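With chain A's structure known, arrange chain B on it following the hints.
Listed here are the chains, written in short residue letters.
Protein chains: 2
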Amino acid sequence: MTRRQLHLNAFLMSTGHHEASWRLPESDPYASVDLDHYRALAAIAERGTFDSLFLADGPVLFSNVGQRPSGVLEPLTLLTALAVATEHIGLIATASTSYNSPYNLARRLASLDHVSGGRAGWNIVTTAGAEAARNFGLDDEPAHATRYERAHEFLDVALKLWDSWEDDLIVADKAAGVWGDERKLHPPRHRGTYFGVEGALNVPRSPQGYPLLVQAGSSQDGKRFAARYAEAVFTAQQSLGDAQDFYADLKSRARAAGRNPDHLKVLPGIVPVIGATEAEARAHERLLEEHIVPEHGLHRLEHLLHLEPGTLDLDSELPAELAPESAIEGAKSRYTLVVELARRERLTVRELIGRLGGGRGHLTFAGTPEQVADAIEEWFRLGAADGFNIMPAVLPSGLGLFVDHVVPLLRERGLFRTEYGPRQTLRERYGLPRPTNQHTSPALTRV
Amino acid sequence: MTRRQLHLNAFLMSTGHHEASWRLPESDPYASVDLDHYRALAAIAERGTFDSLFLADGPVLFSNVGQRPSGVLEPLTLLTALAVATEHIGLIATASTSYNSPYNLARRLASLDHVSGGRAGWNIVTTAGAEAARNFGLDDEPAHATRYERAHEFLDVALKLWDSWEDDLIVADKAAGVWGDERKLHPPRHRGTYFGVEGALNVPRSPQGYPLLVQAGSSQDGKRFAARYAEAVFTAQQSLGDAQDFYADLKSRARAAGRNPDHLKVLPGIVPVIGATEAEARAHERLLEEHIVPEHGLHRLEHLLHLEPGTLDLDSELPAELAPESAIEGAKSRYTLVVELARRERLTVRELIGRLGGGRGHLTFAGTPEQVADAIEEWFRLGAADGFNIMPAVLPSGLGLFVDHVVPLLRERGLFRTEYGPRQTLRERYGLPRPTNQHTSPALTRV
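Keeping their order, the protein sequence lines are chains A and B. Going by full-length UniProt numbering, the letters in the first sequence line up with residues 1 to 447, in that order. Going by full-length UniProt numbering, the letters in the second sequence line up with residues 1 to 447, in that order.
Please keep in mind that the hints were generated in silico from the structure rather than gathered at the bench. Since the model is a prediction, treat every value here as computed from it, not as a measurement. Where is the CB? At the ideal position from N, CA and C, for every residue including glycine.
Pairs of lysine to any residue, SDA-like flavour, derived with a Cα cap of 20 Å: (1) A:K174 / B:H37; (2) A:K184 / B:S63; (3) B:K174 / A:S397; (4) B:K174 / A:P25; (5) A:K332 / A:R224; (6) A:K184 / B:F62; (7) B:K332 / B:D221; (8) B:K332 / B:S239; (9) B:K251 / B:D221; (10) A:K174 / B:S63; (11) B:K174 / A:G66; (12) A:K174 / B:Y30; (13) B:K184 / A:N64; (14) A:K332 / A:G129; (15) B:K174 / A:H37.
Distance windows between CB atoms, simulated: (16) A:D28 / B:D181: 12 to 20 Å; (17) B:P324 / A:G192: 33 to 41 Å; (18) B:Y30 / A:R286: 55 to 63 Å.
Extracted from the complex, chain A is given alone in its bound form (with noise of 0.2 Å):
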């Protein structure tokens, strides 16, 4: 039996997850656009031998473009076109069941699987924001708790069209001019309460049956969300014991769900700052921070907590009244961890804005290579990860640095895999089952 594996997926974000990587030197203000940078991306990440690749999207432009990068390249296209340049490494696009349609994502995606050879994943956001609710002709973000109804119907509709062509459809017979067998279609004749689709999908059913499931919400509805569908789920923790509950709590609401919790991997996200000496890795932690215009970061911060502007001050800490998660309808999880980060280690706006630049909420962790195999080894073996959604501070240093310093230590500790070996899928890559089609009973041969 082999020993139990670490999983990585590599977070891809133009010049880098901290907010400020793009005024360093080496950084290119140009490459959120520029498939040349996501190619090196993806080549340093196969070089790593990482499970996937991952791009977060919201339909909206979300920052400032007179702060930072604005705009990218829309995730299922870049990933598409890197599909063409990589050969091992999985592509994992984030899409909206809020803003898109059912029939137009599930072939999208589809078309992914075929075109990547089954190596494509989708990433499930129901897209919390008012100014994304407005470029689609709302006045408002729906609710937290209708987004979610929305997504569970949008993945009972997308695993119907998925579905709606068996395996062994195609037939193929030149001589008697039958190119299918019309039994094995199967039109999903959807009539919900946000969908109705009638046909089945125009897309011959692909290499894994459908993308791998990966959710990253961490709200009650988030996690009873992932338990009934994601296979991977992305999450933001600030400390080992945090994680650990988290990770115990998904796993056993996956059983709960009737599913086997292995087949649910948990990946927290890591900002590895990497250094030859810690002292190294901490000034250049410092050296980012330093490039934070804080004022720029006060507009997001108050944003984020459903804030004015101008109701929080650069040097004091949060103000002692602040609404409940229950009165947020944008991104529940991702308050309360702010929130809480700032009252457990008592932070002035301004440290907090700082911690927030690298990681977004997620742990930064600078030090040596052998300190962040440590704490990557501490978590996986502690039930705190299966394993991580690494995102380098700047990119492609960060992501080179790595892979060049960090993977080789899992890999002598045995956690990692040292080559991809043969071709796989995605689902193959993070241990997990092809899913069966619902139409087709596998206990049952057909007359």
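Relative to chain A, chain B alone:
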């Protein structure tokens, strides 16, 4: 001054445009989801220095899986993959204004334009048919006029989104911490009949500004739309006279709309069936017709003509009484073209199906390379075409024959480029100007 040059577009379709092409020994019945098949086609088209590749589309499973290859890769996905696999050729994707959101589609097209270095094109369709409507929660297709009204507003919004970033917005001043000039960002703040779109696009302005705009509907509504927006028009014309009338009509409409008529290129579709001798070409055409299962074509023809199943008889002509085009809410111009073709040549239903099996209403031309080149030159010189939409009956072989035997003749005659030369955008290939941003007055200098 250089001589007026032909433009050639390769209309790709799995094993070819003839419905029975998949049954030939040479054809791969799994081709429609095989990236390598399309890579090979793109390589042939680049060898032939074509201007562009094109994929049709509808968000619906068009054909019966029992009868012929069904299901395809979503066009923007496939063309993105081909962008990486090619260097020069334009990439034109069909996408529907009736079943997409402007924000989502505008960003995907802008992303393809970035990834391809300015080679993206959009064939704008309104999508006929109740089947598509039923995949998006509707009971029936919207009326033809309503679809076009929505298409006009869709284009208005899409252009606002593509122009929401001025060309020189990005300043990338690392020292000052200023990435972009906020005054050069122009959120649409659009509130219309069909769409509300508040915010700016989340993709920086792309190499072409926005994709080449292509249109293919030939109804009155379609021609009005083309005169206003289209830079290239694909059209089905069965005779030189009809093609000349259409060409003159469209150019005069463009002129009436205040546009330079040279900036609207007209490309009729032709299905070349090429043989070393005319007899060989005719034999190949007959071989294809023999592979048609007439009963399959019968169902599709009844559907196109809005007749109940069982109305038509294979060995009779069309019924004398058919609804006028004005009563058809589906594909109006195709309806009229097919009815007129059948009436003019007094075809039986069986013969009509044979004719449509090749090009679905486009001109099939069977002959030697010289005969095909002569026909192309005649239409081009006599005011019927600025170029052609090449629709090989069988793929890849039909495209290979055209590139290796017809293209050299067109080059010898000085009608078509002999090499690509330096890298150009798709608009530059077609001899069209880059669009000016609606927020940038070219006559003024900014203070």
